[in-house]
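**Q** Residue strings, one per chain:
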Amino acid sequence: MLELTVFSLLNGLVYGLLLFMLSAGLTLIFSMMGVLNFAHAGLYMLGAYFAYSISTKVGFWPGLVVAPVLVGVVGALIERYGLRNVHRYGHVAELIFTFGIAFLIEETVQLVWGKQTMDYHGPAMLDFPLFALWGIEFPAYKAFMLAISIGIFIALLVVLTRTRVGLIIQAAISHPNQVAMLGHNVPLVFTGVFGFGSALAGLAGVIAGPELGTSPGMASVLGSIVFVVIVVGGLGSLWGAFLASLLIGMLQTFAVAVDYSLNDLFAAIGIPPDKTGALSDLYSATLAQIGPILPYLLMVVILIFRPTGLLGKREV
Amino acid sequence: MLNRRQFTRLAAALAAGLVALPTLAADPVRVAFIDPLSGPFASVGTYGLHQFQFTAEEINKAGGVLGGRKLEVIGFDNKVSPKESLIQLKRVIGDGIQFIVQGNSSGVAHALIDAVTKQDERNPDHRVLYLNYSAVDPALTNEDCSYWHFRFDANADMKMNALTDVIATNKNMKRIYIIGQDYSFGKAVAAAAVRDLASKRPDIQIVGNELHPIGKVKDFSPYIAKIKAAGAQAVITGNWGADMLNLAKAAQDAGLEIPFYTYYAAGNGITKAIGTGGIGKVRLVSEGTMNPPLTKAWSDEMKRFKAKYPDEDWTQPRVSNTLHMLALAINKAGSTEPAKVAAALEGMHYTALWGDKVTMRASDHQLQMPVRIQVQTNKGIEFDLDNSGLGLLNEETVSAENASTPTTCKMKRP
Numbered sequence: 001m002l003e004l005t006v007f008s009l010l011n012g013l014v015y016g017l018l019l020f021m022l023s024a025g026l027t028l029i030f031s032m033m034g035v036l037n038f039a040h041a042g043l044y045m046l047g048a049y050f051a052y053s054i055s056t057k058v059g060f061w062p063g064l065v066v067a068p069v070l071v072g073v074v075g076a077l078i079e080r081y082g083l084r085n086v087h088r089y090g091h092v093a094e095l096i097f098t099f100g101i102a103f104l105i106e107e108t109v110q111l112v113w114g115k116q117t118m119d120y121h122g123p124a125m126l127d128f129p130l131f132a133l134w135g136i137e138f139p140a141y142k143a144f145m146l147a148i149s150i151g152i153f154i155a156l157l158v159v160l161t162r163t164r165v166g167l168i169i170q171a172a173i174s175h176p177n178q179v180a181m182l183g184h185n186v187p188l189v190f191t192g193v194f195g196f197g198s199a200l201a202g203l204a205g206v207i208a209g210p211e212l213g214t215s216p217g218m219a220s221v222l223g224s225i226v227f228v229v230i231v232v233g234g235l236g237s238l239w240g241a242f243l244a245s246l247l248i249g250m251l252q253t254f255a256v257a258v259d260y261s262l263n264d265l266f267a268a269i270g271i272p273p274d275k276t277g278a279l280s281d282l283y284s285a286t287l288a289q290i291g292p293i294l295p296y297l298l299m300v301v302i303l304i305f306r307p308t309g310l311l312g313k314r315e316v
Numbered sequence: 001m002l003n004r005r006q007f008t009r010l011a012a013a014l015a016a017g018l019v020a021l022p023t024l025a026a027d028p029v030r031v032a033f034i035d036p037l038s039g040p041f042a043s044v045g046t047y048g049l050h051q052f053q054f055t056a057e058e059i060n061k062a063g064g065v066l067g068g069r070k071l072e073v074i075g076f077d078n079k080v081s082p083k084e085s086l087i088q089l090k091r092v093i094g095d096g097i098q099f100i101v102q103g104n105s106s107g108v109a110h111a112l113i114d115a116v117t118k119q120d121e122r123n124p125d126h127r128v129l130y131l132n133y134s135a136v137d138p139a140l141t142n143e144d145c146s147y148w149h150f151r152f153d154a155n156a157d158m159k160m161n162a163l164t165d166v167i168a169t170n171k172n173m174k175r176i177y178i179i180g181q182d183y184s185f186g187k188a189v190a191a192a193a194v195r196d197l198a199s200k201r202p203d204i205q206i207v208g209n210e211l212h213p214i215g216k217v218k219d220f221s222p223y224i225a226k227i228k229a230a231g232a233q234a235v236i237t238g239n240w241g242a243d244m245l246n247l248a249k250a251a252q253d254a255g256l257e258i259p260f261y262t263y264y265a266a267g268n269g270i271t272k273a274i275g276t277g278g279i280g281k282v283r284l285v286s287e288g289t290m291n292p293p294l295t296k297a298w299s300d301e302m303k304r305f306k307a308k309y310p311d312e313d314w315t316q317p318r319v320s321n322t323l324h325m326l327a328l329a330i331n332k333a334g335s336t337e338p339a340k341v342a343a344a345l346e347g348m349h350y351t352a353l354w355g356d357k358v359t360m361r362a363s364d365h366q367l368q369m370p371v372r373i374q375v376q377t378n379k380g381i382e383f384d385l386d387n388s389g390l391g392l393l394n395e396e397t398v399s400a401e402n403a404s405t406p407t408t409c410k411m412k413r414p
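Sequence order for the protein chains is A and B. Each residue of the first sequence is one higher than the last, beginning at 1 in our numbering. Each residue of the second sequence is one higher than the last, beginning at 1 in our numbering.
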């Protein structure tokens, strides 16, 4: 049991921190511009594809740096020449705009790279088991993913709370007009934040691509779960996103390890299991089987009992 | 010279002639391929389509059907969704296509068999014939059988029967883990494994019987940790497509080096992902054979396929049987009318390109054929997979008689 717990913990940590890299950009963009960016997961996918193309030419490491920058530029362009023009028509228009961009990215990726899964893999130098516990190996690449995401989290915190840029960003979130009065270029800050958020999503794609597969479906797989993360964490809260990412990562990983069903619960409190009734399928489904819906269940519960999310300040 | 009116008339006549032309005898016999061409199972579907189109070309080169009409296979993307499949089926029927082939996902197959049967019973003038080349839920040729459905792949029970025969010979095998996709096929595989192992080797303990969401799991590490923690000595899985690829990848990452008994762990990048770690460990049950190819005709055909699609492999030899038998049945019936073709297919004998003698059993429309156990290796491989130097070597052949399983089908004939 212990070995399962330790490895579920490690796997949950890797997955949770990956979710954080995606949701950090999303929640920053939302808190600053009030835009729910549906194209965010698409940018994550772009990151993986860019890095794949670069890796076939010059290897993995240049891709790790160049691909997020490219995605950041794409994001900045989307903001500067798309979103900014749509902005004056209100939030609904912005929402629909990003929705359209999401489709556009997915279709473009299929046009350029095709519908197949790309053969994108991590660098050979990380292709070894870092350590083995109870005969199960932990790949070095996963440790590398962990390190990158923790590094990003710390860097984000430092930039936002300890630097001048961070100060301006925080001010622009709550008092955009006043910041503009003080002579700061608020639209430029917006473009920068959008670009930076996109680059973060791109970086997540770069490191997740080899592990989770680089295919046109990769955006939709994480797209919805990322929204769950920022709603649970509280829209606009970086710490909230961090907590919620880990929570959901652990939730999904640990659910897999648990084979108990409602019938087992009934048995434990002395009710005979229902094997024939209309709901018997529901009662006999194990936690491992319903694992994928748990985050959505959590989101519904959070929305009912704490509409601001775990650490958020405003209602969804 | 023509005046303006004459010119218009001439043009109209020419145009009418052009429009009328395609309805002549050269009209191709169209076959609708309803399978995933996008999403997590896109590669399985796309490669399958290529194998069908390639086989159609081979048949056309040899003269086509009905004295010169060509076979044309057209892809319809169903995204492995039963709902999308039914929409595509409507399109197919609307287009006047009389044959559909489908293989990926028994969930889709259940939806299609139902819709096709209703269509054919209610609209005798617009019938379609459903040729299933790969959906292997046994129910499709048992309790849910239909006169309008023919299956060209061995069903999950036949395959598990062969797999468990091999497992049963290993006296040291005591603990087995079953993992599969959470839908009709995954459940059928698990049920067959439990049943067959209980009768052949009651001493083997099933230490895990797990179903995971189909096409949703990207990282199988938690499942691998669970398999390891259960102390399994071997894994049985029916996973296919991305679910098999990711399972194999996670097993490699975690250093889980125990035998895998599988239905579909080859090609589509899977062989490459398993790599040399799978030599002698990964086994697969299938109908055809790549190494040795057995006949020159089959070897040549695989070479021509490889020349046309260098990055792909002929992973589903049953595709060849499906289309060749359809062509034979059309010729035998002298028509493309589905009812006549179905009658011609019933009980049909055919010799596969690799020499196997197969028969379409009339009582349930399940093709009776030899089943093979193949092992992943790098020795004696003439046709490798994923250009990896690794491939499948035939280890054991179960004859058609021994592979056969009884049916409970009560066929309703028109």
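Source of the hints: derived by calculation from the structure; they are not laboratory data. The beta carbon of each residue, even a glycine, is placed where N, CA and C say it ideally should be. Check before you lean on any hint, since a few could be wrong.
Said to hold, decoys possible - Far from chain B by the CB rule (all over 12 Å, computed), these chain A residues:
| hint | residue |
| --- | --- |
| 1 | VAL58 |
| 2 | VAL159 |
| 3 | LEU298 |
What the hints assert, rightly or not - Simulated restraints, written as ranges between beta carbons of each label pair:
| hint | chain 1 | residue 1 | chain 2 | residue 2 | range |
| --- | --- | --- | --- | --- | --- |
| 4 | A | ALA93 | B | LYS90 | 30 to 40 Å |
| 5 | A | PRO272 | B | GLU382 | 52 to 62 Å |
| 6 | A | GLU3 | B | ALA62 | 54 to 64 Å |
| 7 | A | PRO123 | B | ALA339 | 52 to 62 Å |
Claimed, not checked - Partial selection, computed: residues in chain A whose CB lies under 10 Å from chain B:
| hint | residue |
| --- | --- |
| 8 | GLY12 |
| 9 | GLU137 |
| 10 | THR253 |
| 11 | ASP259 |
**Q** Can you list which hints this structure breaks, lowest number first?
**A** none
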